[in-house]
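J.: These protein sequence lines map, in sequence, to chains V and X.
Mapping the first sequence onto this note's numbering, position 161 (from 1) lands on 161, and the numbers just tick up by one.
Here this note's numbering = 1-based position in the second sequence + 1000.
Any given hint could be a false lead.
To be verified - Selected chain V positions facing chain X (Cβ under 8 Å, derived; list incomplete):
no.	residue
1	Ala84
2	Ser87
3	Phe90
4	Met107
5	Ile111
6	Leu144
7	Gly146
8	Phe231
To be verified - Computed cross-link-like contacts, EDC-like style, restricted to lysine to aspartate or glutamate with a CA-CA straight-line distance of at most 16 Å:
no.	chain 1	residue 1	chain 2	residue 2
9	X	Lys1134	V	Glu76
10	V	Lys54	X	Glu1221
11	X	Lys1140	V	Glu103
12	V	Lys54	V	Glu76
13	V	Lys136	X	Glu1221
14	V	Lys136	V	Glu125
15	V	Lys77	V	Glu65
Claimed, not checked - So these bits of chain V aren't anywhere near chain X, every CB distance computed over 12 Å:
no.	residue
16	Pro97
17	His98
18	Ala108
19	His116
20	Ile119
21	Gly132
Note that these hints are calculated values from the structure, not bench results.
This one's a predicted model, so the numbers in the text were calculated from it and none came from an experiment.
Note that beta-carbon positions come from the ideal geometry of N, C-alpha and C, so glycine has one too.
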Amino acid sequence: MTILRIENIRKSFGKLEVLKGVSLSVNKGEVIAIIGPSGSGKSTTLRCVINLEKVNDGSIYVDEEAMVENGEYRPEKHIHRLTAKMSMVFQHFNLFPHMTVRENLSMAPLIVKKEHPDIVQERCEELLRKVGLKDKIDAYPSRLSGGQKQRVAIARALMMQPEIMLFDEPTSSLDPELIGEVLGVMKALASEHMTMVVVTHEMGFAREAADTVLFMDEGVILERGTPQEIFGNPKNERTRVFLDRVL
Amino acid sequence: MNFDYAYILRISVPILEGTKLTLTLFAITLTFSLPLGLLTSFIRIGRFAFLRRAAAFYITVTRGTPLLLQLFFVYYGLPFFPGIKGLIVLDRFPAAALTFVFNYAAYFAEIFRGGILSVDRGQHEAARVLGFSKYQTAMKIVVPQMFKVVLPAVCNESITLVKDTALVTVLGLGELLHFAKAAVNRDSNISAFIVAGVFYLVMTTVITWVFKKLEDHFMFE
């Protein structure tokens, strides 16, 4: 079942066209890894999907409901309802520094979804256990390592009980020795059949955890396939060159 | 100059009396200029171009002219304005308080604007992805973080404010310096100025201490 469908989206910043007609569809429970060189439009694609950027043209459907169709955006309220089905994890974590871990996790469920505090509290503890940070529940982000911050950020995103999780280079700003703990959490999520779209430079993760790998370059998806196809036998010359360089 | 404790005690009584007015003006100014400044800073970076320009104009005029001139203008000048004439005749203290509130609000607005702009874009994006409304983002995410950033500057302004209250003596208001000056003139003895200086020092020291505590509180560690 298709849960997210992007058709031919285009996006320019000034004169620079960063997305030149990107299409992809994501099935429920599928894990998609988007790889490619810097500036290829990977992050912009994710940001358009969750409405942090507006596309200039093309369509985005969530659960087969249009958020934008042929460049025409639906009313704000409608968009809001669709983006609420998604959550995002950022490269720089973007935890709220003035709130404890508990408050970071609970704030949105409490004031946005207006859930009962007991339910929120329970889910907060459960998710922190899941990412292995139950003991940090009352710590401020400044007291956490980069890997711990990102695990908290993943837990915070999961607090909203999204149908789709978007990851924008979740390990790119981490020290190498901290990458493993974050990828571990992401792999665990993938094994629970969470729908995930992951922009990553971690080829190991793409190979092991992804169902589908997309290679993007210069604003287009050049190649798509299973990890075996992309990493074992890339068809596109640019994919091959890229993989030779990073592997 | 010999040190006459009895004399110093005697002149301290009216100076202490004047301190009441000084502190009242200080408290009123902070209480109203902080929220007014916050509101102005929001307008200054807000969506409406006309309001943005109006806020910028207000800040330019208020910061660009002496507080002393503004005091004269509001107390002596305002009643002569056509249209206002006869409608508003402010008493000395309300005139002083009004002037101080609007003067300090302009400074606070610029301090807050800097603080708001210092909050990382990623914070806005995280809030948006989590579904926060603009109002919720402002109140729960931006303002608390801004607060930490602006505390040292607000402390600075508060200290300046304590000292600026001395200006209202020109309207004949009986604040701290007014009584000190009276004692000096009457007794041809400058001890009262020293006493006044000590009073100001005590007040600014307390303010510095309070802000230190606030900064500790907003460490988020």
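J.: Indicate, hint by hint, whether the structure satisfies it.
T.: Comparing the hints with the structure gives:
1. Annotation: alanine 84 of chain V was flagged as interfacial toward chain X, and the flag holds, the nearest CB pair being 6 Å apart, inside 8 Å.
2. About 7 Å separates the beta-carbon of serine 87 of chain V from the nearest beta-carbon of chain X, less than 8 Å, and the hint is met.
3. The restraint placing phenylalanine 90 of chain V at the interface with chain X holds, with a minimum CB-CB distance near 6 Å, inside the 8 Å limit.
4. Hint on methionine 107 of chain V holds. Least Cβ distance to chain X is approximately 7 Å, under the 8 Å limit.
5. The beta carbon of isoleucine 111 of chain V is positioned within 8 Å of a beta carbon in chain X (closest approach about 6 Å), and the interface hint is therefore held.
6. The restraint placing leucine 144 of chain V at the interface with chain X is violated, with a minimum CB-CB distance near 11 Å, outside the 8 Å limit.
7. Taken as an interface hint, glycine 146 of chain V does not check out: its beta carbon lies about 14 Å from the nearest beta carbon of chain X, beyond 8 Å.
8. Contact between phenylalanine 231 of chain V and chain X, as hinted, is not supported at the beta carbon level, the nearest pair being about 31 Å apart and thus beyond 8 Å.
9. With a C-alpha separation of about 13 Å, the suggested pairing of lysine 1134 of chain X with glutamate 76 of chain V holds against the 16 Å cut-off.
10. Among the hinted pairs, lysine 54 of chain V with glutamate 1221 of chain X is inconsistent with the structure: their alpha-carbon atoms are about 37 Å apart, more than 16 Å.
11. Taking the CA atoms of lysine 1140 of chain X and glutamate 103 of chain V, the gap is about 11 Å. The hint holds against a cut of 16 Å.
12. With a CA separation close to 12 Å, the supplied pair lysine 54 of chain V and glutamate 76 of chain V stays within the 16 Å bound.
13. The hinted pair formed by lysine 136 of chain V and glutamate 1221 of chain X meets the criterion: a straight-line CA distance of about 12 Å does not exceed 16 Å.
14. Pair hint lysine 136 of chain V plus glutamate 125 of chain V holds up; C-alpha atoms about 10 Å apart against a cutoff of 16 Å.
15. Our distance criterion of 16 Å between C-alpha atoms is met by lysine 77 of chain V and glutamate 65 of chain V, whose separation comes to about 13 Å.
16. At roughly 5 Å, the least C-beta separation between proline 97 of chain V and chain X is not larger than 12 Å, which violates its mark as non-interface.
17. A Cβ of chain X approaches the Cβ of histidine 98 of chain V within 12 Å, the least distance being about 5 Å, so the stated non-interface status is violated.
18. Not every beta carbon of chain X lies more than 12 Å from that of alanine 108 of chain V, the smallest distance being close to 4 Å; the non-interface claim is violated.
19. For histidine 116 of chain V, the condition that its CB be more than 12 Å from all CB atoms of chain X holds, with the nearest at approximately 17 Å.
20. With a least CB separation of 17 Å from chain X, isoleucine 119 of chain V remains clear of the 12 Å interface cut-off, as annotated.
21. At the 12 Å boundary, the C-beta of glycine 132 of chain V stays outside the reach of chain X, the nearest C-beta of that chain being 22 Å off.
Checked against the numbered hints above, the structure breaks hints 6, 7, 8, 10, 16, 17 and 18 and satisfies the rest.
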